[in-house]
Amino acid sequence: MSAGQTQAKPANQHLRRNPPIAGEAEAIEKAQSGDAKSFEMLYALHKRRVYSLCLRMLGNVAEAEDLTQEAFLQLYRKIGTFRGDSAFSTWLHRLAVNVVLMHLRKKGLPQVSLEETLEPSQDDGPRKDIGARDLMLSGSIDRVTLERAVENLPPGYRLVFVLHDVEGYEHNEIADMLDCSIGNSKSQLHKARMKLRDLLRSGQRKESTV
Amino acid sequence: MTDAPSLGKNMNCVEFQEKLPELFESQADLTTEEHLQTCENCAALVRDLEYIASQAKLLLPIHDPSPSVWENIQTAIKQEPGANGSPVLAPLGSS
Numbered sequence: 001m002s003a004g005q006t007q008a009k010p011a012n013q014h015l016r017r018n019p020p021i022a023g024e025a026e027a028i029e030k031a032q033s034g035d036a037k038s039f040e041m042l043y044a045l046h047k048r049r050v051y052s053l054c055l056r057m058l059g060n061v062a063e064a065e066d067l068t069q070e071a072f073l074q075l076y077r078k079i080g081t082f083r084g085d086s087a088f089s090t091w092l093h094r095l096a097v098n099v100v101l102m103h104l105r106k107k108g109l110p111q112v113s114l115e116e117t118l119e120p121s122q123d124d125g126p127r128k129d130i131g132a133r134d135l136m137l138s139g140s141i142d143r144v145t146l147e148r149a150v151e152n153l154p155p156g157y158r159l160v161f162v163l164h165d166v167e168g169y170e171h172n173e174i175a176d177m178l179d180c181s182i183g184n185s186k187s188q189l190h191k192a193r194m195k196l197r198d199l200l201r202s203g204q205r206k207e208s209t210v
Numbered sequence: 001m002t003d004a005p006s007l008g009k010n011m012n013c014v015e016f017q018e019k020l021p022e023l024f025e026s027q028a029d030l031t032t033e034e035h036l037q038t039c040e041n042c043a044a045l046v047r048d049l050e051y052i053a054s055q056a057k058l059l060l061p062i063h064d065p066s067p068s069v070w071e072n073i074q075t076a077i078k079q080e081p082g083a084n085g086s087p088v089l090a091p092l093g094s095s
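Those protein sequences? They're chains A and B, same order as listed. Residue 1 is where the first sequence starts when you use our numbering, and the numbers rise one by one after that. Residue 1 is where the second sequence starts when you use our numbering, and the numbers rise one by one after that.
Source of the hints: derived by calculation from the structure; they are not laboratory data. Errors might be hidden in some of the hints.
[Said to hold, decoys possible] DEER-style ranges, computed between Cβ atoms:
hint, chain 1, residue 1, chain 2, residue 2, range
1, B, 57, A, 26, 40 to 50 Å
2, A, 26, B, 68, 26 to 36 Å
3, A, 73, B, 32, 20 to 30 Å
[Unchecked claim] Under the rule of at most 25 Å between Cα atoms (straight-line distance), these lysine to any residue pairs were calculated in the SDA-like manner:
hint, chain 1, residue 1, chain 2, residue 2
4, B, 57, A, 74
5, B, 57, A, 37
6, A, 106, A, 83
7, A, 30, A, 106
8, B, 19, A, 168
9, B, 57, A, 176
10, A, 37, A, 77
11, A, 37, A, 59
12, B, 57, B, 25
13, A, 106, A, 73
14, B, 19, A, 77
15, A, 47, B, 58
Every residue, glycine too, gets a C-beta built ideally from N, C-alpha and C.
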């Protein structure tokens, strides 16, 4: 299969990634009918993941909280359109991703057009790693170091890396969320990991020269 | 699982690294790749990329937004009429 082709989604894949949450289906149904307590329950169930996504993409608590608020207001307006074709968390994440991307575009940051973000120029991509064998990462990276390196990824790389490697979404789910091809998602993930390696190794070099 | 892309015996580093995204996605056992048996540089690259992917799981969400976020959402919802002019959700405490 070529990288750009779509592939059949394995049956119940979203159930593996997003196991059913007790009471969630009922809460969705009731919230769709206008029940405020059920909407509050959905907020309680999903606020952490939505907020973390916003925080990783923006690196700023105040902005991340603003966008978390906006994402849940969008949820409030659109929950009636949720039909259960995908896991609710995937659907909500897609909504949150769109809120984040809209915000980044408004700020006029480079590489925040999704198309541009997911198709960065060759110059922006990681270099092939031919010949450098001075440092190895294994066993040397803690959470804080990795978090900082992720913050320094270009937004498009960061988004795909967070969705796939941190949150565990499959490429077809990411492609659906970001409205891009599966091949594009795979390519961005690889470039993100390569770029992270560059960032982590350069950090190690700096430390070793101090 | 799909089959790993087949690699020629004389693959060089550039060719191997171009195939690497497909190899990762195929979930093949990369330790058996012939190129890695003889190329210390590419073997280190593969180890690093696998390590980064595994360490990413350390970054699972651990922080909640502050309580003011929910308070602001509630306030905004109360001010937001539904399509027919009535609130989409009944205000908390009204049901």
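Going down the list of hints, with the structure as the test:
For residue 57/B and residue 26/A, the Cβ-Cβ distance of about 30 Å falls outside the hinted range of 40 to 50 Å, so the restraint is violated. The hint said 26 to 36 Å for the Cβ distance between residue 26/A and residue 68/B, and at roughly 28 Å that hint holds. Between residue 73/A and residue 32/B, the C-beta spacing of about 51 Å breaks the proposed range 20 to 30 Å. Restraint check for residue 57/B and residue 74/A: not satisfied, since their Cα atoms lie roughly 28 Å apart, outside the 25 Å limit.
The hinted pair formed by residue 57/B and residue 37/A fails the criterion: a straight-line CA distance of about 32 Å is larger than 25 Å. Among the hinted pairs, residue 106/A with residue 83/A is inconsistent with the structure: their alpha-carbon atoms are about 30 Å apart, more than 25 Å. Restraint check for residue 30/A and residue 106/A: the C-alpha separation of about 34 Å exceeds 25 Å, so the hint is violated. Among the hinted pairs, residue 19/B with residue 168/A is consistent with the structure: their alpha-carbon atoms are about 23 Å apart, no more than 25 Å.
With a C-alpha separation of about 22 Å, the suggested pairing of residue 57/B with residue 176/A holds against the 25 Å cut-off. A hinted pair counts as satisfied when its Cα atoms are at most 25 Å apart, and residue 37/A with residue 77/A qualifies at roughly 16 Å. Pair hint residue 37/A plus residue 59/A does not hold up; C-alpha atoms about 31 Å apart against a cutoff of 25 Å. The straight-line distance between the Cα atoms of residue 57/B and residue 25/B is roughly 18 Å, inside the 25 Å bound, and the hint therefore holds.
Between residue 106/A and residue 73/A, the direct Cα distance comes to roughly 19 Å. Compliance with the 25 Å bound is thereby established for this hinted pair. With a CA separation close to 44 Å, the supplied pair residue 19/B and residue 77/A exceeds the 25 Å bound. Restraint check for residue 47/A and residue 58/B: satisfied, since their Cα atoms lie roughly 19 Å apart, inside the 25 Å limit.
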